[in-house]
Amino acid sequence: MPEPIRVIEGKAVPLKLENVDTDQIIPAEFLKILGKKGLGRYCFYRWRYNEDGSLRGDFILNNPRYRDASIIIAGKNFGIGSSRENAVWALQDFGIKCVIAPSFGDIFYVNSMKNMLLCIKLPEEQVKMLQELAEKEDLILRIDLEESTIKFRDRILSFEIDKAVRERFLQGLDEIEITLKHIEKIKKYEESMPSFMIPNPRRFITD
Amino acid sequence: MAGKSIFDKIWEFHTLYEKEDGETLIYVDRHLTHEVTSYMAFEGLREKNRRVRRPDLTFAVMDHNVPTTDRLKPIRDELSAKQIAALEKNAKDFKLTLFDLYSPYQGIVHVIGPELGLTIPGITLVCGDSHTSTHGALGALAFGIGTSEGEHVLATQTLWLRKPKKMLINLEGKLPENVTAKDVILWVIRNIGTGGGIGHVIEYDGPVVREMNVEERMTLCNMAIEGGARTAIISPDEKVFNYVRGRPYAPSDDEWSQALEYWRSIVSDLDADYHKTIRFHLDKLEPQVTWGTNPAMTVGVTEEIPDPGEFDDPGEKQAAERALKYMGLNPGTKITDINVDVVFIGSCTNGRLTDLVDAARVVLGRKVAHNVRALVVPGSQLVKRSAERLGLHRIFIDAGFEWRNPGCSMCIAMNEDRLRPGERCASTSNRNFENRQGPGGRTHLVSPLMAAAAAVYGRFIDIRELDLPSREEVLEHAGAY
Chain A
0 MPEPIRVIEG KAVPLKLENV DTDQIIPAEF LKILGKKGLG RYCFYRWRYN
50 EDGSLRGDFI LNNPRYRDAS IIIAGKNFGI GSSRENAVWA LQDFGIKCVI
100 APSFGDIFYV NSMKNMLLCI KLPEEQVKML QELAEKEDLI LRIDLEESTI
150 KFRDRILSFE IDKAVRERFL QGLDEIEITL KHIEKIKKYE ESMPSFMIPN
200 PRRFITD
Chain B
0 MAGKSIFDKI WEFHTLYEKE DGETLIYVDR HLTHEVTSYM AFEGLREKNR
50 RVRRPDLTFA VMDHNVPTTD RLKPIRDELS AKQIAALEKN AKDFKLTLFD
100 LYSPYQGIVH VIGPELGLTI PGITLVCGDS HTSTHGALGA LAFGIGTSEG
150 EHVLATQTLW LRKPKKMLIN LEGKLPENVT AKDVILWVIR NIGTGGGIGH
200 VIEYDGPVVR EMNVEERMTL CNMAIEGGAR TAIISPDEKV FNYVRGRPYA
250 PSDDEWSQAL EYWRSIVSDL DADYHKTIRF HLDKLEPQVT WGTNPAMTVG
300 VTEEIPDPGE FDDPGEKQAA ERALKYMGLN PGTKITDINV DVVFIGSCTN
350 GRLTDLVDAA RVVLGRKVAH NVRALVVPGS QLVKRSAERL GLHRIFIDAG
400 FEWRNPGCSM CIAMNEDRLR PGERCASTSN RNFENRQGPG GRTHLVSPLM
450 AAAAAVYGRF IDIRELDLPS REEVLEHAGA Y
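Chains as they are written, first to last, in numbering that gives the first Met the number 0: chain A, 0 to 206; chain B, 0 to 480.
Note that these hints are calculated values from the structure, not bench results. Treat the hints loosely; a few may be bogus.
Unchecked claim - Sample of chain A residues at the chain B side, in silico, Cβ under 7 Å:
#1 22
#2 31
#3 84
#4 110
#5 175
#6 186
#7 188
#8 190
#9 200
Using N, Cα and C, we set each Cβ at its ideal position, and we do this for glycine too.
Could you build all of it, start to finish, from the sequences and the hints given here?
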């Protein structure tokens, strides 16, 4: 069962790019690795490393100032594309606990929530404002899920989040266990499922 | 009261329970899995000592990182071999039907689902792959899911979902000759943007859709995710029923009338309401070619590479500059002046028989340009064998194409089929993201016709300028080989 999370506090890094797809977050060749551990090494691999394996100086996550950042402030449509949950595991293993953006790819958003990587949607102006602040000097954000607030310096921003998602973070629930409380409804559907919906091998294709 | 759309009807049929806040427990009739995204889901089951609730509704196939070369040789890539072996073990331990490397039904998961009759209208279907929307072409409600959700489906045969919004895309008019479903979907994405469909289910309708065969509709639904949509769906019609009938897992003759009755009942009502309706008039659509690093960065074949300076939105401008740098292109370049090094015909977008027939229409009687490496990777063993029975493989091989075994191949570049840094590819696949087809590779997404023409001419050409045989004519020629 995942550990409950109420507060995330950490340094923010501005990733001023839109449409960051999950292929960039973790390239497909690393999806062959079985397991979640150690994927942080491959997070944003092609943006972090040159072909010869040396670090690329032009990528913000390589900037020593942001090396300990745990909150990414990104442009719109973060996490679009492939459904690979490895993108979430890679971000988490890299040390990211929260991503703030104006919008997210649907599947990435769900995958993140299931793994307790918090995704916060904020209006574009607020995202830009946070990006600029984080660019100028160190920006430490304190995100409180119970209050649905982001606090920094003397300011407070509030954000909206699904009740179900918030509960999940605050209580660290095992979703399968919760679902199995509805087992009678599942069985009832299965009993009434028409036989034509069951994929029995009824015939062969002969060449 | 407004009527219901096909999505509403399938959603209601499969709703087991709805929470006050709108989270809904949906029953899943079909779960397709492959070697890449399933491993941790099975591990999760093992850890909790859980089993697969409905092995009879769950099917596994090897597709993402399988070699497309000789299947009898051992897999050279150690990690791929391990991942493939893991799926084999999981299918055995959890008692699932597996279409392995040597199965005559092996292929890309979104190709084999429909062709085996695993996908039928009116069902809910999930797969740990974002292109699962493909199955919507048959009138199934199909969602691409992550690994955690996959584990949840394995254990419970259900999924928690929040009801997406509905977007109707009406495709009106009649497509010009040799302008295809691929051009339509690139045009749609170009217009709605990569995030335009976020939170929505797209329903396609209109005369252009009705005119398309079922495989072409799959191309249309396949790339809905590239417009951000949760999935895509099309109300089934006689073409779909004829497509499904007689397939290995499709309803038998005794059940057929019952199935038909249900399938006819789920089509969208004429007065169904949608959160958003978009119309596209496609009488003058031209072949589309992507120029950048996401599928919305698309222009028509007679257009030029756009100038980032002309984008108003600063985000778009920055993205265009970055994309042109990556792609090694200059603003103002004509699409038809762009040379290609590699041509890839295949993938869950365009790896079906219709696509291979289309490509063969161009290739027949021509040769691949001397400086181009060209691959045909059929979407499945069934597609491959059908093509071979028709004689299409000879057309490709004689022209200088490589004729491979089925898999995801150069669409995702997890196996050995990949671009070298800087290589430029005309590809029938679905993503032109940076490094997608191999580190440093440059992808232009196009239709099978446009890709085949690029192979022959070594650059993009306007396919409408060629005098092409019809699909029927090319099949006649192929048979005579």
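Note to self: If you test the structure against every hint from before, which numbers come out violated?
What the structure shows: Per hint list: 6, 8 violated.
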